[in-house]
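**Q** Residues per chain, in single letters:
Protein chains: 2
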Amino acid sequence: MSDVSQLQKVLDRIDAEFDNSLERLFALLRIKSISADPAFAADCRAAADHLCKDIATLGFASEVRPTDGHPAILAKSNSGRAGKRPHVLFYGHYDVQPVDPLNLWHRPPFDPLVTNHADGRKIIVARGAEDDKGQLMTFVEACRAWKAVTGSLPLDVTIIIEGEEEVGSKNFVPFLEKNKQDLKADFALVCDTGMWDPNTPAITTSLRGLVYDEVKIKAANRDLHSGIFGGGAQNPIRVLTRILGSIFDEEGRITIPGFYDGVKDLPADILAQWQKLNLTPETFLKPIGLSIPAGEKDRLLIEQISSRPTCDVNGIVGGYTGEGSKTVIPAEASAKISFRLVEGQDPDRIRKAFRDYVTARLPGDCRVEFTEHSNAPAVALDWNMKPLAAAGRALTEEWGKEAVLMGSGASIPIVADFKRTLGLDTVLVGFGLDDDNIHSPNEKYDLRSFHKGIRSWARILASLAEQPR
Amino acid sequence: MSDVSQLQKVLDRIDAEFDNSLERLFALLRIKSISADPAFAADCRAAADHLCKDIATLGFASEVRPTDGHPAILAKSNSGRAGKRPHVLFYGHYDVQPVDPLNLWHRPPFDPLVTNHADGRKIIVARGAEDDKGQLMTFVEACRAWKAVTGSLPLDVTIIIEGEEEVGSKNFVPFLEKNKQDLKADFALVCDTGMWDPNTPAITTSLRGLVYDEVKIKAANRDLHSGIFGGGAQNPIRVLTRILGSIFDEEGRITIPGFYDGVKDLPADILAQWQKLNLTPETFLKPIGLSIPAGEKDRLLIEQISSRPTCDVNGIVGGYTGEGSKTVIPAEASAKISFRLVEGQDPDRIRKAFRDYVTARLPGDCRVEFTEHSNAPAVALDWNMKPLAAAGRALTEEWGKEAVLMGSGASIPIVADFKRTLGLDTVLVGFGLDDDNIHSPNEKYDLRSFHKGIRSWARILASLAEQPR
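Keeping their order, the protein sequence lines are chains A and B.
All residue numbers for the first sequence refer to the working numbering, where the first residue is 58 and numbers rise by one.
All residue numbers for the second sequence refer to the working numbering, where the first residue is 58 and numbers rise by one.
There's no promise every hint is true.
Treat identical chains as interchangeable: a pair holds within one or across any two.
Cut-off 30 Å, straight-line C-alpha distance, at most; resulting in silico cross-link-like pairs (DSS-like, lysine-lysine) [to be verified]: (1) Lys273 to Lys343; (2) Lys141 to Lys443; (3) Lys110 to Lys476; (4) Lys241 to Lys458; (5) Lys343 to Lys275; (6) Lys133 to Lys237; (7) Lys110 to Lys235; (8) Lys354 to Lys458; (9) Lys141 to Lys241; (10) Lys321 to Lys443; (11) Lys273 to Lys204; (12) Lys354 to Lys275.
Think of the hints as simulated: they come from the structure by calculation, not from any bench.
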């Protein structure tokens with residue numbers, strides 16, 4: 058049987074088995090593996106156990122391995138031909154984001170369903186439908202089809218799935234260090250990114266970094282009555298809004314001293330390529346109800362969202378936030394703030410610059426506390442990496458459209474961690490769409506993303522196997 | 058029996074009966090009459106029923122009367138001598154503030170207890186211990202003692218107690234209009250204010266007004282992932298903090314155009330009198346852990362908190378506020394903002410000026426919604442009003458220190474409502490202290506305030522009865 062007809066049998070098998078693939082994804086989606094909330098620790102463990110067992114059915118040597126947080130799954134394909142053919146390390150995460158505000162969901166977030174999008178697309182709706190359960194299962198199902206048809210995989214595969222990606226993977230890097238021996242591979246594959254648009258596949262070649270900090274400002278030793286103390290006592294919400302409100306200037310630039318140090322303009326050829334992609338507010342912002350790019354006024358929208366560093370306040374709270382009114386001056390107010398970094402920015406320096414900025418603006422009688430949540434540098438991959446070309450060819454075949462090499466505005470810190478701890482380059486392929494509502498109510502994954510995602514990985518595995526090592 | 062010896066018997070009775078007075082206050086404090094939260098509507102009703110029955114035991118014709126919100130209690134002393142002697146209308150409110158943040162309370166807020174303050178004072182701890190259950194019960198218990206000793210009251214008394222003071226008394230003014238006939242009196246008494254200090258009684262002769270608005274800023278049609286959309290999509294928290302952060306200038310002045318229109322400086326003689334009171338950061342701010350007056354830099358602290366208008370953000374919320382981190386750009390962010398007004402400021406104009414200020418600073422793609430919570434002008438009473446002198450004499454006798462006529466930074470909108478709807482002037486006497494934690498966790502009322510408060514009202518009733526009408 059030729060390699061081509063073998064691949065065709067695998068693709069046919071994927072089509073024939075698709076309902077079962079979907080049922081296996083649903084079983085995983087029903088597990089409430091919210092990593093941020095300690096109340097769901099047992100669910101995280103259950104998701105790890107479930108995936109471990111499922112992957113074992115493919116003939117992988119599969120184990121749940123402890124970390125200092127939620128456990129990870131480590132599975133090896135055991136071909137008995139180690140070292141004789143390419144070996145890939147596939148990465149995904151089984152943990153999901155919290156579901157609040159729950160009242161905005163149209164159905165229970167952990168009760169997955171295939172339904173119709175307003176525009177007629179079939180979609181899978183559930184927390185994690187895309188990020189990252191749906192995405193990681195495209196790879197698992199592709200392996201399953203190869204094993205079912207040929208009894209083996211085209212190359213050696215190690216699968217590592219973690220449970221703390223959504224909370225900064227704090228315990229995962231030490232885990233990588235400790236399990237280095239078991240994680241040897243030629244390069245890594247990650248399925249946690251998106252397509253260029255619903256018809257155009259993409260390989261992500263740069264990722265923004267992420268510095269996430271929490272700032273709490275405290276003034277009086279207790280909540281105060283604003284009638285008695287108003288005018289005389291400092292109000293931490295006033296201080297917090299004043300400081301955060303000054304972070305952007307009129308041109309949309311971030312005013313923190315040193316923030317743009319080391320940030321380079323795009324090379325002219327890439328800028329020209331991006332200009333041709335013609336990302337307009339009409340296509341990118343209109344679906345979310347907006348029309349005006351909110352970043353630096355002298356930059357293209359595509360630069361604002363992928364090659365320029367940003368700052369967002371992701372959460373703020375202080376004082377009385379219930380129904381009606383309360384005349385209180387609160388004792389404290391806090392905010393969660395994140396910075397997306399690009400190549401050339403050092404996370405530690407950015408965090409320090411932000412903290413210095415806040416501290417310098419703190420009036421007397423106020424104290425500030427900071428809590429670190431994430432700390433990852435940007436990643437720029439080598440656009441000429443060989444596996445990247447192989448993956449690109451496979452994607453182009455599956456989707457009938459040239460795969461785009463693109464920069465992503467998001468952060469996947471594990472890519473830098475793989476390079477640093479394991480010395481591995483990463484190929485980032487994923488099938489998410491901009492309207493998937495990840496991290497939001499009503500998260501979805503297009504049924505087509507899931508189906509053609511599985512087919513894409515089946516092709517990529519074959520294509521990578523053909524690569525000279 | 059002379060009037061003097063009669064009063065002494067009443068005061069003796071108060072001392073002898075004090076444990077029972079306290080038990081009756083506790084019974085009221087155990088009722089969770091939080092007016093802001095619809096979940097406690099039945100508790101509000103229960104508080105009204107309880108008070109109505111208790112006041113009926115004094116021989117008052119007492120009824121619970123409906124309003125369009127929580128009900129009110131209307132009780133008349135029925136002396137049969139109507140029109141022949143002074144008639145006072147006493148006002149209090151049975152509703153209390155919400156109790157959050159509950160984790161900062163040292164004990165359950167609706168389980169009252171007498172305990173020792175750190176400095177040795179005996180205090181009653183519970184939500185409403187001062188505001189306003191403790192305060193209103195000082196008057197009820199004074200009436201009870203007069204009835205017990207003499208079989209009657211020194212003057213005619215109508216008691217009106219409402220259940221929506223803490224949520225802006227929206228339904229109370231229409232109630233006053235509707236019940237005008239039953240509320241006729243010569244003047245009003247209100248017990249919802251404080252002492253000058255723990256040893257110095259006070260009558261409040263000016264009150265700041267209150268404009269309370271809620272502002273909600275909306276941008277995208279859903280929460281967004283800050284990696285995918287960060288830099289390109291508008292963030293409502295960024296907009297809200299930018300607008301609120303600009304409300305104060307470096308001198309602590311409010312920058313909203315027209316805000317200070319009509320605000321007058323204090324008359325020189327009053328300013329001189331206030332300077333003599335020597336309110337220092339050491340005495341006023343140190344107990345709450347602060348040291349620097351936060352208001353207009355060119356004003357005395359006592360002006361900042363009582364005769365100058367202010368602005369406070371009482372609450373702010375947007376995005377993810379739970380444990381850990383979430384990389385979200387929220388669809389909306391909101392804040393509760395209040396302004397304390399002084400004589401010369403028009404609440405409607407101030408509200409409009411604030412809303413115009415926000416709207417003018419709103420970037421494209423953002424919408425704003427406002428919700429009105431309170432709207433009350435400042436009140437300045439006539440310092441030469443006769444009942445005020447009579448009350449002052451009684452207070453001076455009870456406390457052994459000259460009663461101070463003072464301005465309050467707080468707002469009691471009912472005082473303006475009484476003037477407008479019933480044509481009544483109000484005498485404001487209360488026994489609260491600055492460290493009572495009203496509207497905060499661990500609200501308390503000094504046992505001495507409760508005890509000497511009852512005695513004070515017993516004296517005031519006698520003193521007012523002696524006034525020529």
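**Q** For every hint, state whether the structure bears it out.
**A** Results of checking the hints against the structure:
Taking identical chains as interchangeable, the C-alpha atoms of Lys273 and Lys343 lie at most 30 Å apart only when they sit on different chains, with a minimum of 21 Å there against 35 Å within one chain. In this assembly of identical chains, Lys141 and Lys443 lie within 30 Å of each other by CA distance solely inside one copy; the values are 18 Å within and 105 Å between copies. For a Cα distance limit of 30 Å, the shortest separation of Lys110 from Lys476 inside one copy, 29 Å, qualifies, whereas the shortest one across copies, 77 Å, does not. Proximity of Lys241 and Lys458 under a CA criterion of 30 Å is satisfied in neither setting, with 33 Å inside one chain copy and 85 Å between copies.
In this assembly of identical chains, the alpha carbons of Lys343 and Lys275 lie at most 30 Å apart only when taken from different copies (15 Å versus 40 Å within one copy). In this assembly of identical chains, Lys133 and Lys237 lie within 30 Å of each other by CA distance solely inside one copy; the values are 14 Å within and 85 Å between copies. Taking identical chains as interchangeable, the C-alpha atoms of Lys110 and Lys235 lie at most 30 Å apart only when both belong to the same chain, with a minimum of 23 Å there against 73 Å between chains. Taking the closest pair of Cα atoms, Lys354 and Lys458 never come within 30 Å of each other, the shortest separation being 32 Å inside a single copy and 66 Å across copies.
Taking identical chains as interchangeable, the C-alpha atoms of Lys141 and Lys241 lie at most 30 Å apart only when both belong to the same chain, with a minimum of 14 Å there against 101 Å between chains. When the C-alpha separation of Lys321 and Lys443 is checked against a cutoff of 30 Å, the pair qualifies only within one copy, where the shortest distance is 26 Å, while the shortest distance between copies is 77 Å. In this assembly of identical chains, Lys273 and Lys204 lie within 30 Å of each other by CA distance neither inside one copy nor across copies; the values are 53 Å within and 55 Å between. Taking the shortest Cα distances, Lys354 and Lys275 sit within 30 Å of each other only across copies (21 Å), while inside one copy they are farther apart (35 Å).
Against the hints set out earlier in the document, violations occur for numbers 4, 8, 11.
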